[in-house]
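Here are the chains, one letter per residue:
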Amino acid sequence: MASSSLPSTMPGERPELRKYLSAPGLFFLIIVTQVPFALALWFAFTNWNLLRPNSKGFLGFSNMFRNFVRILRNPDFYTVLLNTVYLTLSVVVLTFIFGLIFALLLNRPFPGRSLARTLLISPFLIMPVAAAVLWKNVLLDPTFGISAYLQKLVGLPSTYLIEAFPMASIIAIVTWQWTPFVMLILLAGLQSLPESTLEAARIDGASGLNMFGFIVLPHLRRFIEIALLLETIFILNEFGIIFITTSGGPGLATTNLPYQIFLEAFSRWNVGRASAYGIFAIVLANIVVLFFLRVLRNQNQEGATA
Amino acid sequence: MTAGNNKLNGHLLSALTLLLAFLMFFPILWMALTSFKTEATAISFPPKIFFEPTLDNWRITVLESAFPKYLLNTLSLTFFSTLLALLVAIPAAYAMAFYPTKRTDSTMLWIMSTRMLPPAGSSCPSTSSF
Chain A
1 MASSSLPSTM PGERPELRKY LSAPGLFFLI IVTQVPFALA LWFAFTNWNL
51 LRPNSKGFLG FSNMFRNFVR ILRNPDFYTV LLNTVYLTLS VVVLTFIFGL
101 IFALLLNRPF PGRSLARTLL ISPFLIMPVA AAVLWKNVLL DPTFGISAYL
151 QKLVGLPSTY LIEAFPMASI IAIVTWQWTP FVMLILLAGL QSLPESTLEA
201 ARIDGASGLN MFGFIVLPHL RRFIEIALLL ETIFILNEFG IIFITTSGGP
251 GLATTNLPYQ IFLEAFSRWN VGRASAYGIF AIVLANIVVL FFLRVLRNQN
301 QEGATA
Chain B
1001 MTAGNNKLNG HLLSALTLLL AFLMFFPILW MALTSFKTEA TAISFPPKIF
1051 FEPTLDNWRI TVLESAFPKY LLNTLSLTFF STLLALLVAI PAAYAMAFYP
1101 TKRTDSTMLW IMSTRMLPPA GSSCPSTSSF
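For the record, the sequence lines run as chains A and B.
Mapping of the first sequence onto this note's numbering: position 225 corresponds to residue 225, and the numbering continues sequentially without gaps.
Count along the second sequence from 1, add 1000, and you get the number used in this note's numbering.
This is chain A alone, in the form it adopts within the complex (with noise of 0.2 Å):
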């Protein structure tokens, strides 16, 4: 929190009207986000299916909960559960990665530096859906791809790499994707460490990889944090490059929550199953990011007391 060390009152300000300029965003936002959090909440104590013109109604007192159950009962929800964390978690840790050695690689001068910088964020630049496209028809084809091209030069048989490895597939094209958010984050915290701290370490004579350990990585942290964090949530959402390389097939290989949500309502047109899941689906986001800020906040007290 920021701590103001600013006079409580300015010279000719009112302060009564302070509290009224953060009114207009909240009350937007729980508009366009309360509202349907409510309604879903509501929908997934009904039965209704638009199949099914009459159906919208209450379930009853005895069985409100027929939709969460017939869900955890279900063998496919662990399955879609399990898929959506994996995918989660390996593009987070794979896009920290890439994030952090492209970032340290950027982080000094050298020509072309602006031209790299420039390359490395494109892949941020793309929407998901020409992104799907592009590695899907373009890259990937096994009769046309690069990819094809690649296995025939190292003498292996071409196969379709979404079709043979679908999981693995989408989460490279995410990788893909998100790996500048990371980079361009941790770059931003990279140029704000002052250079003399690092002078003064060389000085006293510290080893490059010392002072990585020792001062670059305490001082990223908080930008690790937020990067991490906010990839998190965004991820957890992942709906447009499964819906185009392989519609969450074969069988439920690649199927996420935001993907069973949307195939529950959109094609089965279950509304009452579908915010049944979507409630899920925020508990299962908030379950990850609480378990996320935990995890680094205790590595930010091991390293206050080492």
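Hint data in this document are derived by calculation from the structure and do not stem from the laboratory.
Owing to the predicted nature of the structure, the values given are computational and were not obtained by experimental measurement.
Please note that the accuracy of each hint is not assured.
Said to hold, decoys possible - Okay, the calculated beta carbon distance ranges per label pair:
no., chain 1, residue 1, chain 2, residue 2, range
1, B, 1041, A, 211, 27 to 37 Å
2, B, 1041, A, 127, 17 to 27 Å
3, B, 1005, A, 213, 20 to 30 Å
4, B, 1113, A, 133, 49 to 59 Å
5, B, 1044, A, 125, 25 to 35 Å
6, B, 1041, A, 215, 48 to 58 Å
7, B, 1067, A, 125, 17 to 27 Å
8, B, 1082, A, 81, 33 to 43 Å
9, A, 125, B, 1057, 12 to 22 Å
10, A, 35, B, 1083, 40 to 50 Å
11, B, 1057, A, 208, 22 to 32 Å
12, B, 1026, A, 59, 50 to 60 Å
13, A, 155, B, 1016, 21 to 31 Å
14, A, 97, B, 1109, 25 to 35 Å
Glycine residues also receive a C-beta, built at the ideal position from the N, C-alpha and C atoms.
Position chain B relative to chain A; hints supplied.
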């Protein structure tokens, strides 16, 4: 000599960075190249780097399709939602940064938590209720 070694290492690092940057950018470069290929060139194997470029795809997209309309839709959607977001976010951020109250921390956590709602989950009620 260590100085010479350092210089060599520096050049190697720079070359490595540029190589990695090129690899990350390659899919987009390939997309751009493909946009100048005819259908037959685009699906030829092995993939062609040198070919006779054609502007047909661009002509069809820009002049003979609804693409300008889509572009305008995208631009106005982006512009107006950013404008609206800034209008409500700047006063809120100002108040929270300079005049925090007891509830500011929890409010900010709540604001972030609204991002966790899956779009599929929130669009389902919004589309079905109309």
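- prompt: Using the C-beta atoms of residue 1113 of chain B and residue 133 of chain A, is the stated range 49 to 59 Å upheld?
  reply: Since residue 1113 of chain B and residue 133 of chain A have Cβ atoms about 32 Å apart, the given range 49 to 59 Å is violated.
- prompt: Between residue 1044 of chain B and residue 125 of chain A, does the C-beta distance stay in 25 to 35 Å?
  reply: Given about 29 Å between the Cβ atoms, the range holds.
message: I want to verify a distance hint. Is the separation of the beta carbons of residue 125 of chain A and residue 1057 of chain B within 12 to 22 Å?
response: The hint (12 to 22 Å, Cβ to Cβ) holds, given that residue 125 of chain A and residue 1057 of chain B are roughly 21 Å apart.
- prompt: Should the hint that residue 1067 of chain B and residue 125 of chain A are 17 to 27 Å apart at their CB atoms be regarded as holding?
  reply: holds (19 Å)
- prompt: Lying within 25 to 35 Å: is that true of the beta-carbon distance residue 97 of chain A to residue 1109 of chain B?
  reply: The hint (25 to 35 Å, Cβ to Cβ) holds, given that residue 97 of chain A and residue 1109 of chain B are roughly 28 Å apart.
task: Can you let me know if the beta-carbon spacing of residue 1057 of chain B and residue 208 of chain A is within 22 to 32 Å?
output: Because 49 Å falls outside the window, the suggested range is violated.
field: Assessment of proposed distance window 21 to 31 Å (beta carbons of residue 155 of chain A, residue 1016 of chain B)
entry: At roughly 27 Å between Cβ atoms, residue 1016 of chain B and residue 155 of chain A fall inside 21 to 31 Å, so the hint holds.
- request: Using the beta carbons of residue 1041 of chain B and residue 127 of chain A, state whether their distance is inside 17 to 27 Å or not.
  value: holds (25 Å)
- prompt: Honestly, do residue 35 of chain A and residue 1083 of chain B meet the 40 to 50 Å range at C-beta?
  reply: violated (22 Å)
query: Between residue 1026 of chain B and residue 59 of chain A, does the beta-carbon spacing fit 50 to 60 Å?
result: Once the Cβ atoms are compared, 53 Å apart, the range 50 to 60 Å for residue 59 of chain A and residue 1026 of chain B holds.
Residue 1041 of chain B versus residue 215 of chain A beta-carbon gap, inside 48 to 58 Å or not: The hint (48 to 58 Å, Cβ to Cβ) holds, given that residue 1041 of chain B and residue 215 of chain A are roughly 53 Å apart.
- prompt: Do residue 1041 of chain B and residue 211 of chain A keep their Cβ atoms within the hinted range of 27 to 37 Å?
  reply: 51 Å Cβ-Cβ, so the 27 to 37 Å window is violated.
The structure does not agree with the numbered hints 1, 4, 10, 11 stated previously, though it agrees with the rest.
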